[in-house]
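**Student:** Under this note's numbering, the first residue of the sequence shown carries the number 1212, and numbering increases by one thereafter.
It is worth saying that the hints were derived from the structure and are not from the lab.
Watch out, some of these pointers could steer you wrong.
[To be verified] With beta-carbon atoms standing in for the labels, derived distance ranges:
1. Pro1348 - Pro1381: 18 to 26 Å
2. Gln1325 - Glu1392: 39 to 47 Å
3. Leu1380 - Arg1289: 32 to 40 Å
4. Asn1277 - Ala1309: 44 to 52 Å
5. Arg1243 - Arg1268: 15 to 23 Å
6. Gln1358 - Ile1296: 16 to 24 Å
The beta carbon of each residue, even a glycine, is placed where N, CA and C say it ideally should be.
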Amino acid sequence: MRIGLYGGTFDPIHHGHLLVARAAFEEMGLDRLCFIPAAHSPFKPGMKPLDGAWRARMIRLALAGNPEFEVSEDELNRGGVSFTIETVRAFSERYVGAELVYLIGADHVATLPQWKEAECLARLVEFAVIPRPGEKPVPSPSGFRCQYLKGFPIELSSSLVRERIAKRLPIDPFVPRNVAEVIRRYQLYSHL
């Protein structure tokens, strides 16, 4: 079994995340893919994301009708800073013998050797690298197995969605309809 692990803040989830997940699922030959919302990202130390329960709920809404995709609340339940190695270890213990593929943005490839317990991480997972539109691939650091995804790179970010909410601009083209509805109904980013 090949399991994809897609970590991130997903604050909020948007169509770009879903396109990346679809590309990884197809190109990496995955049997399932788990979206793993972070409690607190080590890459965004000053950022306080929306409550994890809301982010997980929006992910579930966005994944409706895609049984090959699921949500894991491991990092939210663990709390604190979400380190990839802790999540990967939990999945490797839960799914003994499974091949794990971890999705990362191309901007993180060069920093992989500085990640917590990098050598162990390199042994446990293969990395599916999400390219940035128009940028050339960065070589994989020694000891890391990285494969660049080909499909569907678009320039879309959660911060763009939050900026549009703050400016009271429509977000419907950028997020699934049911996610946009929850954001509007519960005024999830009204503090911006």
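**Student:** Each hint: holds or not?
**Tutor:** Tested hints:
1. Pro1348 - Pro1381: 18 to 26 Å: violated, 34 Å
2. Gln1325 - Glu1392: 39 to 47 Å: 40 Å Cβ-Cβ, so the 39 to 47 Å window holds.
3. Leu1380 - Arg1289: 32 to 40 Å: At roughly 35 Å between Cβ atoms, arginine 1289 and leucine 1380 fall inside 32 to 40 Å, so the hint holds.
4. Asn1277 - Ala1309: 44 to 52 Å: violated, 20 Å
5. Arg1243 - Arg1268: 15 to 23 Å: holds, 20 Å
6. Gln1358 - Ile1296: 16 to 24 Å: The hinted range 16 to 24 Å holds for glutamine 1358 and isoleucine 1296, with Cβ atoms some 20 Å apart.
Consistency with the previously given hints fails for numbers 1 and 4, ordered from lowest to highest.
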